[in-house]
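Chemist: Make a model of the complete structure from these sequences and hints.
So the protein lines, in turn, are chains F and Y.
Heads up: the first sequence begins at 1 in our numbering, then just goes up one per residue.
Heads up: the second sequence begins at 1001 in our numbering, then just goes up one per residue.
The reader is advised that the hints may include incorrect statements.
Stated by the list, open to error - Lysine-lysine pairs mimicking BS3-like chemistry, simulated, CA-CA at most 27 Å apart:
| no. | chain 1 | residue 1 | chain 2 | residue 2 |
| --- | --- | --- | --- | --- |
| 1 | Y | 1070 | Y | 1056 |
| 2 | Y | 1070 | F | 57 |
| 3 | Y | 1051 | Y | 1036 |
| 4 | Y | 1057 | F | 42 |
| 5 | Y | 1056 | F | 42 |
| 6 | Y | 1036 | F | 57 |
The hints are simulated quantities; they were obtained by calculation from the structure and are not laboratory data.
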Amino acid sequence: EPEVTQTPSHQVTQMGQEVILRCVPISNHLYFYWYRQILGQKVEFLVSFYNNEISEKSEIFDDQFSVERPDGSNFTLKIRSTKLEDSAMYFCASRGAFRNIQYFGAGTRLSVL
Amino acid sequence: GQQVMQIPQYQHVQEGEDFTTYCNSSTTLSNIQWYKQRPGGHPVFLIQLVKSGEVKKQKRLTFQFGEAKKNSSLHITATQTTDVGTYFCRGGTSYGKLTFGQGTILTVHP
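Modeler: Shown next, in the form of structure tokens:
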């Protein structure tokens, strides 16, 4: 069964550094999403992406965040200058055109020291 | 803004007991989805409800969408240790906004 893959599984970085989290959505999907889950808390929506542009973003998704689909397969989340409070699990998800079911990747655990 | 409240936050049951989690939205929803997240895992889609009063079943799981489309429940009959995890609801509005509930952490004691 096709799946969403995310790399790396764990990213450790120093405060103030830039990080790029990578996702390969399911190949024929058109809608892409990033979510964040701080340890022990609920999943929070960050951003949705369709047709090469952001379709919706939450208040969490401030100027420090950006997303990109640099080629036909990858979908990236960049955090320009990480803060301690950015430490969380980041999930990528994708869905197809017709079924409103999002498939989640296994996540990237970001640890900001 | 839209809020989705989920209760209880934690539920501990003995294997074989039933379990129910409830989801309440501050606004009318166009749909509600339920996800399960195993410990250390990622959310996995379970089901979507769209119609007012809709009830759907998946084996021991029963999902219900309220008549006013502002609340929903997930009921598990005769829990098993494999049911352990966090169950999230996610409410969707007609203008596309999606909001997760806080989740209910279910532990099942054998």
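Chemist: Compare the structure with each hint and give your call.
Modeler: Against the structure, the hints come out as follows:
1. Among the hinted pairs, residue 1070/Y with residue 1056/Y is consistent with the structure: their alpha-carbon atoms are about 17 Å apart, no more than 27 Å.
2. In summary, the hint linking residue 1070/Y to residue 57/F is supported, as the alpha carbons are separated by about 23 Å, within the 27 Å threshold.
3. Our distance criterion of 27 Å between C-alpha atoms is met by residue 1051/Y and residue 1036/Y, whose separation comes to about 21 Å.
4. Only pairs whose Cα atoms come within 27 Å are accepted, and residue 1057/Y paired with residue 42/F is accepted, the gap being roughly 25 Å.
5. Of the pairs offered as hints, the one joining residue 1056/Y and residue 42/F holds, with about 24 Å between alpha carbons and a cut-off of 27 Å not exceeded.
6. Of the pairs offered as hints, the one joining residue 1036/Y and residue 57/F holds, with about 24 Å between alpha carbons and a cut-off of 27 Å not exceeded.
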